[in-house]
Amino acid sequence: AQSVTQPDIHITVSEGASLELRCNYSYGATPYLFWYVQSPGQGLQLLLKYFSGDTLVQGIKGFEAEFKRSQSSFNLRKPSVHWSDAAEYFCASGGTSYGKLTFGQGTILTVHP
Amino acid sequence: EPEVTQTPSHQVTQMGQEVILRCVPISNHLYFYWYRQILGQKVEFLVSFYNNEISEKSEIFDDQFSVERPDGSNFTLKIRSTKLEDSAMYFCASLGTQIYEQYFGPGTRLTVT
Chain A
45 AQSVTQPDIH ITVSEGASLE LRCNYSYGAT PYLFWYVQSP GQGLQLLLKY
95 FSGDTLVQGI KGFEAEFKRS QSSFNLRKPS VHWSDAAEYF CASGGTSYGK
145 LTFGQGTILT VHP
Chain B
72 EPEVTQTPSH QVTQMGQEVI LRCVPISNHL YFYWYRQILG QKVEFLVSFY
122 NNEISEKSEI FDDQFSVERP DGSNFTLKIR STKLEDSAMY FCASLGTQIY
172 EQYFGPGTRL TVT
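Respectively, the protein sequence lines represent chains A and B. For the first sequence, my numbering gives the first residue as 45, with consecutive numbering after it. For the second sequence, my numbering gives the first residue as 72, with consecutive numbering after it.
Mixed in with the good hints there might be a few duds.
Unchecked claim - If you only want the chain A side, here are some residues facing chain B, beta carbon under 8 Å, derived:
no., residue
1, Y71
2, G85
3, Q86
4, G87
5, L88
6, K93
7, G97
8, F134
9, S141
10, G143
11, K144
12, I152
Derived from the structure by calculation, the hints contain no laboratory data. Remember, predicted model here, so these are calculated numbers, not experimental data. Glycine included, C-beta positions come from ideal geometry on N, C-alpha and C.
Start from the sequences, fold in the hints, and give me the full structure.
Written out as structure tokens, the structure reads:
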């Protein structure tokens with residue numbers, strides 16, 4: 045069965061600092077990988093996805109993620125965090141492009157001014 | 072930009088009562104999903120629906136749950152006899168085949184007392 049682990053429940057960074065949110069997946073084949081963001085009272089918004097090809101993927105809002113098969117990881121990065129990035133971030137995996145998603149437990153990001 | 076909508080945003084019900092959670096997916100999407108998130112826990116897959124039938128369901132989705140697409144635009148989740156442990160945020164999602172991304176609604180918070 046698939047599983048996704050986000051080791052960090054809560055991360056605090058200063059505005060302008062770089063950010064890396066960790067995600068590890070467990071799946072036999074190459075999974076479909078996603079990062080979603082959820083602001084309070086909002087639904088889950090897709091930041092980026094990896095299906096195949098280039099292992100460094102660019103997303104919206106200046107985010108990127110790198111798929112590393114050897115480490116079973118798909119970490120999310122942003123070079124300079126803005127206060128508006130404060131939210132909860134979810135990593136998810138799927139076995140197909142249209143199948144169910146398996147989510148990690150989420151990482152809450154707090155941004156200090 | 073098209074979006075998935077859900078009603079109501081918050082539903083309070085008594086244990087043993089039936090509830091229907093409603094979703095309006097994006098109009099040209101073909102795949103539909105329900106997920107839930109119990110407070111403090113991961114987002115969990117409940118069921119997926121395609122071509123007017125359930126394509127996959129989790130072990131959570133027992134006989135107390137049902138889904139329906141009654142009129143070609145709405146997608147509903149019915150819980151026949153609610154339990155305290157059904158209290159959660161329920162998310163609807165839809166996916167089109169132009170872009171294989173699940174778009175999530177803002178969720179319905181269900182509170183069972």
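Each hint, compared with the structure:
Against a cut-off of 8 Å between C-beta atoms, the interface hint on A:Y71 is violated, since the closest Cβ of chain B lies about 15 Å away. A least Cβ separation of about 7 Å between A:G85 and chain B falls short of the 8 Å threshold, and the interface hint therefore holds. Given the 8 Å rule on beta carbons, the hint for A:Q86 holds: about 6 Å separates it from the nearest Cβ of chain B. At a threshold of 8 Å, the smallest CB-CB gap from A:G87 to chain B is about 4 Å, leaving the interface hint in force.
Checking A:L88 against chain B: minimum C-beta separation of about 4 Å stays under 8 Å; hint holds. Using the Cβ-Cβ criterion of 8 Å, the hint placing A:K93 at the interface with chain B is satisfied: the shortest such distance is roughly 7 Å. For A:G97, the interface hint is violated, since its Cβ never comes within 8 Å of a Cβ in chain B; the closest pair sits about 14 Å apart. Interface hint status for A:F134: upheld, as the beta-carbon distance to the closest one in chain B is roughly 6 Å, under 8 Å.
A least Cβ separation of about 4 Å between A:S141 and chain B falls short of the 8 Å threshold, and the interface hint therefore holds. Checking A:G143 against chain B: minimum C-beta separation of about 7 Å stays under 8 Å; hint holds. For A:K144, the suggested interface contact is upheld, since its CB lies about 4 Å from the closest CB of chain B, less than 8 Å. Among the interface hints, the one on A:I152 is violated; its C-beta lies about 11 Å from the nearest C-beta in chain B, farther than the 8 Å criterion.
Hint compliance for this structure: hints 1, 7, 12 are not met, and every other hint is.
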